[in-house]
Every structure is written in structure tokens, then in C-alpha cells.
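Undergrad: Build out the structure end to end from the sequences listed, making use of the hints.
Same order as they appear, the protein sequences are chains A and W.
Residue numbering for the first sequence follows numbering that gives the first Met the number 0, starting at 0 and increasing by one per position.
Residue numbering for the second sequence follows numbering that gives the first Met the number 0, starting at 0 and increasing by one per position.
Hints should not be assumed to be uniformly reliable.
Below, in silico cross-link-like pairs of lysine to any residue (SDA-like), each with a Cα-Cα straight-line distance of 25 Å or less [as the list claims (entries may be wrong)]:
no., chain 1, residue 1, chain 2, residue 2
1, A, K230, A, L42
2, A, K192, A, T238
3, A, K16, A, S236
4, A, K26, A, N56
5, A, K26, W, N215
6, A, K192, A, A86
7, W, K140, A, G126
8, W, K239, W, A257
9, A, K150, W, R232
10, A, K155, W, A210
11, W, K146, A, G126
12, W, K197, W, L238
13, A, K175, W, K234
14, A, K155, W, R175
15, A, K150, W, T87
16, W, K140, A, E133
17, A, K155, W, M157
18, A, K192, A, H148
19, A, K155, W, L163
20, A, K175, W, M221
21, A, K175, A, N206
22, W, K140, W, R18
23, A, K155, W, F165
24, A, K150, W, L238
25, W, K140, A, E134
26, W, K97, W, T87
27, A, K137, W, K234
28, W, K146, A, N206
29, A, K155, W, I176
30, W, K178, A, G158
31, A, K150, W, T130
32, A, K90, W, L217
33, A, K150, W, T12
Derived coverage of chain A by chain W (criterion: at least 3 residues anywhere in the stretch with Cβ under 8 Å from a Cβ of chain W; other residues may be distant) [unchecked claim]:
no., stretch
34, 90-100
35, 115-121
36, 131-139
Calculated directly from the structure, the hints in this document are not laboratory data.
Every value quoted in this text rests on a predicted model; they were computed, and no experiment measured them.
From the three backbone atoms N, C-alpha and C, an ideal C-beta is built for every residue, glycine too.
One-letter residues, chain by chain:
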Amino acid sequence: MRLPFCIGCMELIRSDKLVFEYVRRDKNGEVDGFVRAIDEVSLEINQGDFIAVLGPNGSGKSTLAKHLNSILRPTEGTLYIDGMDSADSDKIWDIRSTVGMVFQNPENQMIGTIVEEDVAFAPENLGIEPREIEERVKESLITVEMLGHRKASPSKLSGGQKQRVAIAGVLAMHPKCIVLDEPTAMLDPVGRKEVIRAIRALNDVENITIILITHNMEEVIYADRIYVMNKGRMVMSGTPREVFSKPEELEENHLAVPVVTRLAHELRKAGMNIPEGILTRKELCEAICRS
Amino acid sequence: MIRDITLGQYYPTESVLHRLDPRVKLWGTLLYVMSLFLFQSFAGYIVASVFLVSLIIMSHVPVKFMLRGLKAVFVILAVTAVLNVFMTPGRVLVSFWKIKITIEGLRTAAFMVIRLVFLITGSSIMTLTTTPSDLTDGLEKGLGWLKIFRVPVHEIAMMMSIALTFIPVLLEETDRIMKAQQARGADFESGNIIRRAKALVPILVPLFVSAFRRANDLAIAMESRCYRGGEGRTKLNPLKYAMRDYAAHGVLLAYLAAIIAVAVIF
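TA: Here's what the structure looks like:
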């Protein structure tokens, strides 16, 4: 467990009342109005944190993710990444190599015809020496346990393997933070497990800040902190235990708590002596045995 | 069924030609194709055949595989031969009704067909021994000087290699769309050719839509991995001339000299 506060922690991401609006047009291309995809979101994320962002479809979580590496710029408010202003167009490449992005569809982010080439794409763009690129490719593929497939064609890999190659492709930039935008949404349960394990290893071993955007509740129980978004606003935040101890509030935001947590909550309401915010099956068993 | 189509006809094996720098192979192919039109004499054909046969042997690619490319152009070969046989004026060998076959006609027809066969086999040696991605790398580096004339060489090479990556993805997508439509009663297999072509329209529309969506996703993914054009970009495996590549240049020059000598002498 990390301490809830720490002195001397490196602050990596700070946003203050971040707003993003886009223009909605009608069929004739006339301006129809403005849509607030992100509405006054303030965040603070430290180096080494594992953050999960939850929210139903259209809650603005993907839009927020795209701000974190300067693909989108804030309409109002400020966003600082590692001390760099994301609105500053001179810093755009520094920001993008500090914060890597992994997207939902693994097929649409493969650039190389073989795995190794794909992982090398980012360092090639950064103008790194060939020998160093080779080292980075090797070490990134080892981290996601895909070194054995370095010469394979991405089209021959499973979804989970493709997504791990995509993570390796980002790792090869040596980022401080990786944002994963629903990386498991298109995977089967096995692929999901592989990817989540790889993400946790990055956070634990390499101390890379992880921002996991998802609507799968089972994946977020490992997070240090959860942010819940709805309609562009940050509606809840806290540790998984804190957030999951309010299942009614989560449901108001179109999210369902994990089955175990739900069961624990209902048992508690029915009068059993079970603590709030049960996350795993093991915890629930122990609590029931004790009560 | 649609996924059986193989693209690019790279034949994976180990040979000197496989290891050669793609730039050498590109220039070599160009030079060989040009050389085929330099000579008229019988001796020239001997030189060109000796060169081609030794390349085929060196490539370690089965001859059967090599000749497969000829099947596709069989019609063109046949038409060329027939036209040459009947249309060339000269000493008449056989004649019936209005048709005359001349000795010169037979001669040009045979040489023309041999020339075309050499041309196709020669260029397929290049595609058989070079991976598509090496080929685009070779084009990018070998044609780099075109940048002076504002030809976007890097962009074209990048487009080619992305297209290569996406061919299997789009084939799979086509397969999926076809199955989805077959499940709802679409019929792609019966009827005449026009009806079948018409049945393809409802496949192409969703395919195009999804291709554009994929292109957009890919563009964002590339940008977020710091892609900003060819300026200042490095390569994981940069192309570098080795001794064998210089040697290959020597061989090519020797061949060119031989062909020119033959063309001048005979």
C-alpha cells in the first residue's frame, strides 16, 4: 500500500478546471451549439500512481485521455504534464514521449509489418541511434513477455498478444506515464488477464504511472485511486474501497460494482456484520466467517 | 476463402540474393529490364539467358515457383506471338487464303516472347527474394534524391508500408462483412458476372467506412507515438551497403558491359 500522501512525491499530472468543448454542426454544416465533453475537471496524479478512470460511454473519459498527451488541447483551464503546459505547442513532442497512449483496438495501432518493427516505431520517430533502438525493443518486449514473437507478423497474434505489443511499442519511448484507453474492451477473458498483468507489472516493477480507462470494474480493484466520470464531470474519486462502498452512487452514474462488492453490500444492508468496500472473494469469505 | 490470397510473392529462404541490399536489387532489375531492349542479335540473348539462369540458381527459389508469375501473363504472351507471326512482312514461308506466315515473323515472335518471359522472370526474382518492407525501405532510401524535386519519398514509402500492414486486416474485415450479409440472406455466389458484381456494392460501402475509421485511429496512434514525418527519423535496421552489395554492383556493370559489347559487335 502506498501512503495516501507523501512528501517529496513527484507530481506528474495536474489539471485545474480543465474544460474541453467541441462545436456541434447540423446537417448543413452550420454551427448548432457547443458540447462540453469535459467540464471543469481537476486532477493531481503523482509519479508511480496506478489510476483508474471509470465512466459510462460518452462520459468524456476518452476525451480526457487524449488531453494527457496533447492530441487535444484544453478549451479552458490548464493541464500540466511533468511541468510542461499541454497548450504549449513547442512542448508537444516532449509531452507525447512522456505520456504514452495505448488504444482500444490493437489492430488500428500496429504500424510495422513485424512485431519488432512496430515496437521500434516510436524510438525511430524520436531519432534514436539504431543500436539503442534495438536495445529498447528487446527490453520492452521482455517486459511484456513477447520477446519470442519479435519476428512474427502482428496479424498472426491473438488480441491479448497484439495489445501487449502495443504496450511494448509505447514502453520503447521510455515514458513516465502510460494512458490505456479501454485496452481490454475487445479482448477475450484470457487476453484481458494477460494485459492487466502486464500493466500491473509495469506499475510495480518499473514504477511507471498508469492511467487505466475502462468500464470493467474487476480491473480497477488494483488501482491506487479511482476517478469516476459522468457527462464530462468528475463525480467521484477515492480508493477502490471508498468508491465501491457507495454502490448506489455508482449506479446513479450508470456503473455497476463488482458482484462480490455488491453481495457484501446487500448482506450488510440485510443486517450482517460485514465491513464496507469488500473487493475480493477472499475478503468476503473471511468477513462472512467472522460475522 | 478470401484470405487465401497471398500478397507480395516473397519466398522465404536463405540465399545471397535474399541478403542483398534491396536498393541493389531494385537498380539491378531496372538495369536488366533496360538491357533486354539494347540488343537485337542471337548472341545478346545468350548473354541475357546465362545471366538470368545463374540468378535463378543463386536465388534458391524453386523454378516452378518462379514460372508461376508467367501464368498470369500467358494471354499477353500469346497475343504478342500471334500478332508478330501474322503481321510481319518478309519472306513468305506458308500462305493460305489471305494469311501469310513469314520467316521474319516467326523470328520476331519468338524473340519477343523470350524477351517478355525474361522481363517478367527477371523482375519476379526481385519480388521473390525481397520482403515487402525491405522493398519499401529500399525505395525510400534509393529514391531519396528525388526529394530535391519535392517528391515526398518518405511519405510514399510510409503509405506503401502501412498499406501492406493493413491488407490482411482489411481482407479479414471483408470476410466478416460478407459473412454478416450472407447470414442475412445476401447471395454472392450465383447469377451472372454482372449480378455478382452488383452484390459486391453492399460490401464495399461498409468496408470503405471502416477503412476511413481505421485510418483515423491509426493516424492518432502514430501521432501519439511521436510520428512527425521523415525529418530526423532513424531506423531500427538501417540499410547499409556490405561488401557483397558492392560486388553485386560490379557484376551488374560487367553484365551491362557484356551486353553493350555484344550489341555493338554483332
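Undergrad: Does G126/A lie within 25 Å of K146/W when you go C-alpha to C-alpha?
TA: Holds. K146/W to G126/A sits at ~19 Å (cutoff 25 Å).
Undergrad: Taking 25 Å as the top limit, are the C-alpha atoms of K150/A and R232/W close enough?
TA: Given pair K150/A, R232/W holds - Cα atoms ~22 Å apart, limit 25 Å.
Undergrad: Mind checking the alpha carbons of K90/A and L217/W for me, to see if they're no more than 25 Å apart?
TA: Satisfied, since the Cα-Cα distance of roughly 22 Å is no more than 25 Å.
Undergrad: Taken at face value, is the distance from the CA of K234/W to the CA of K137/A at most 25 Å?
TA: holds (15 Å)
Undergrad: Decide if the proposed pair is consistent with the structure: K16/A and S236/A, CA atoms, cutoff 25 Å inclusive.
TA: The given pair, whose Cα atoms are some 16 Å apart, holds under the 25 Å limit.
Undergrad: Check the hint pairing K239/W with A257/W against an upper bound of 25 Å on the C-alpha distance.
TA: violated (28 Å)
Undergrad: Within the assertion that chain W covers the stretch 131-139 of chain A, do at least three residues meet a Cβ-to-Cβ distance smaller than 8 Å?
TA: Held - the stretch 131-139 of chain A has 3 residues with a Cβ nearer than 8 Å to chain W, which meets the minimum of three.
Undergrad: Given the proposed pairing of K26/A with N215/W, does the C-alpha separation stay at or below 25 Å?
TA: holds (21 Å)
Undergrad: Next pair to validate is K150/A with T130/W; report whether the Cα-Cα distance is within 25 Å.
TA: Given that 25 Å is the threshold and the Cα spacing comes to 13 Å, the pair holds.
Undergrad: Do the alpha carbons of K175/A and N206/A lie within 25 Å of each other, as the hint requires?
TA: Holds: K175/A and N206/A sit about 8 Å apart, inside 25 Å.
Undergrad: Check the hint pairing K155/A with I176/W against an upper bound of 25 Å on the C-alpha distance.
TA: The given pair, whose Cα atoms are some 20 Å apart, holds under the 25 Å limit.
Undergrad: Would the pair K140/W and E134/A pass a check requiring their Cα atoms to be no farther apart than 25 Å?
TA: Roughly 24 Å between the alpha carbons, so the hint for K140/W and E134/A holds.
Violated hints, listed in ascending order, are 6, 8, 12, 15 and 28; each of the other numbered hints is respected by the structure.
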